[in-house]
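Based on the hints, put chain B with the ligands in the right spot on chain A.
These are the residues of each chain, in order.
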Amino acid sequence: MSLKILARNLFKTYRDGGRQVPVLGGIDLEVAAGEMVAVVGPSGSGKSTLLHLLGGLDRPDPEPLGEVILGDQSLSQLGDGALAAFRNRTLGFVFQFHQLLPDFTALENVMLPGRIAGHEPAEVHGAARKLLQEVGLEDRLEHFPNELSGGERQRVALCRALALEPPILLADEPTGNLDPSSGEKVLELLEALRRRRGTTVVLVTHNPDVARRCAKLYTLDRGVLHASPP
Amino acid sequence: MSSSRLLLRPWPFPVLLALRYLRSTRKDAFVNFLSKVAALGIGVGVAALILVLAALAGLHDRLLGQILAGTPHLEVLLPPRADSVKARESCSTVPGVREAQRIVAGQGWVLNDGVPQALKLIGFEGRLPSSFPDASHRQEGFYLPVDLAARWGLSPGDRAEVVSPRPGLTPLGPQPRVRFLKITGTFQSYASETVQRAALPLATAERLLGRSGRRIYVTGGRLEDAEGLKADLQSVLPEGSQVRTWKDLNRSLYFVLGMERTLLVVAVGLILLVAALALVVDLGLIIASKRREIGMLGTMGATPGTLRRTFLYLGSLLAFFGLALGLTVGVVGAWALDRYEVLTVPGQVMFVDHIPFLIRPVDLALVLVLTVVLVLAAAGYSGHRAASLQPVEALRQ
Ligand SMILES: Nc1ncnc2c1ncn2[C@@H]1O[C@H](COP(=O)(O)OP(=O)(O)OP(=O)(O)O)[C@@H](O)[C@H]1O
Ligand SMILES: [Mg+2]
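First to last, the protein sequences are chains A and B. Heads up, the first sequence is in our numbering, so the first residue is 1 and it goes up one at a time. Heads up, the second sequence is in our numbering, so the first residue is 231 and it goes up one at a time.
Just to be clear, a hint being listed does not mean it is correct.
Listed below are several chain B residues computed to face chain A (Cβ distance under 10 Å; list not exhaustive) [unchecked claim]: (1) P240; (2) L247; (3) Y251; (4) T255; (5) K266; (6) V267; (7) T529; (8) A532; (9) S618.
One side only, chain A facing chain B, incomplete, derived with CB under 7 Å [stated by the list, open to error]: (10) F93; (11) L112; (12) I116.
Bear in mind the hints are in silico, worked out from the structure with no lab data behind them. C-beta: ideal position from N, C-alpha, C; glycine also.
Excised from the complex, chain A in its bound form (with noise of 0.2 Å):
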């Protein structure tokens, strides 16, 4: 199953105090689906907001009103239980920073998704082991987080976002951390899983080879989405 992705006139602006921060001024963007686009953009330009507004993970304001549709799921129709529900069905997220739970190990932590979905404990075991085999970390499946290196980190991470299979992955800085035999490794990853399975990726990069590899390119600027010739 693939997923589309529309946004449509999302404004994000941080409120704190007496004080405004606009970050996001009018974004649409449309990915179709099993495709992967890589949003690049300077640092503080609103790239990890733009991943959460798309997640679910925080609403847009609500003036001017836009809106997030993934498949034909209008997020803003969503309660929270709800929409915890579709993120754990639908959507694979990487961030950019600290992202496991310190309390569990490296195993645990990629089967969470698959416990929180209620699946056999078994097939989540199974399913787990073997997603992270494939990026060169059987011999960390007992290691908590604070065991591991940062780029072991990042795999452990990007296994849990992958799971369950996501038909969308927000990936904020996949790579951010890996030397390039390994950022290579995780971007075959991806690439694989989008062929397998069709899913849409959005990936945030500051890494300018990881661009080219997407099919479309845009950049955010001052609060402005545009699309760049790959």
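Only chain B with the ligands this time, still in chain A's reference frame:
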């Protein structure tokens, strides 16, 4: 142990999460300390409540046992003109009535060498009523409390002077009525009796006291049947009769005992309340230190309900240790204190020589319900706070 085992268990996800957090929070010294304070507080509260309630139940049990021994199951007060023999026969026809006995009761004195002793005079028909437990069913006659008889050096066969306040007309004008009666026997009276009693034959008592104190003592099967019998009796008795059960007769005592119990439960229950507050603070700290992880779980699709239940279970787990400890200490402690009569009471002060402990299932149930309600409220509130965290806000910290 392979720690991945936990996630292989087929338990609901919030349970798995709560179990893992239960283990991991031990690493934080302060949180660990607070968890222990909360659990220990609950344990102390539960144990204290059980002990206090058991001691109270033990004392009340003895006290009521003594008082009820001297109280008929039901007492019928007859209107002045009613025929008491007919009324007694009507009582006997009511199903469930074992015994109905005509009684005349009133105030009087027994004189010895001119020294009066105030007594409640109970005139009875036939055999001595069962409200004289150690002497019940003995033949008609004049009976005095054993300690009074001992004090005055009287024994069965001796004569004593019984005086009633009802004046009789004599050539010398109105005089108190006096009878010399031969003592038939003695009975055991209780320290808890505020006014001592003396038993004498109905005919004698009627002459001394008149007909105004006429009543019927009714004995049913069990004490609990009294309320039911009350209505049945009322319907067969003449207009104007009053039926009172042993509960009615001791109403003020029951009220005081009940009040005492309530006040103690509230006072000792405050320990539990403080422990529940410690639990809220403890869970609050755990949630604060796990904000980011809670956010991560949110991105993976853990619903607010899942998070709420996780912390509800975690709080309940922490409290469970305290509850188990408190139950054990309370029950074993009450049993041992009772069995070995540890807490003694100076002889003459009370009607017991040691404090008896009686663990009643209803008291245990009360303690359990109170604890569970407080813990669920505390843990539920914390769970609610965890559930209301927005994933991004939690991630950003
Ligand atoms: N909660 C917040 N309150 C106020 N301002 C915020 C908040 N979150 C983000 N911002 C601001 O919004 C802007 C966009 O942040 P965001 O994290 O989306 O940037 P980014 O493009 O991902 O940057 P980077 O490439 O460094 O990761 C930044 O200027 C940041 O300071
Ligand atoms: Mg970012």
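Now the hints, each set against the structure:
1. P240: Hint on P240/B: holds, closest Cβ of chain A at ~6 Å, below 10 Å.
2. L247: Holds: closest Cβ of chain A sits about 9 Å from L247/B, inside 10 Å.
3. Y251: 7 Å, holds
4. T255: 9 Å, holds
5. K266: Interface hint status for K266/B: violated (20 Å vs cutoff 10 Å).
6. V267: 22 Å, violated
7. T529: 5 Å, holds
8. A532: At 5 Å from the nearest chain A Cβ, A532/B passes the 10 Å test, so the hint holds.
9. S618: Since chain A brings a Cβ to about 9 Å from S618/B, closer than 10 Å, the hint holds.
10. F93: Check passed: Cβ of F93/A comes within 5 Å of chain B, closer than 7 Å.
11. L112: Status holds, d = 6 Å.
12. I116: 5 Å, holds
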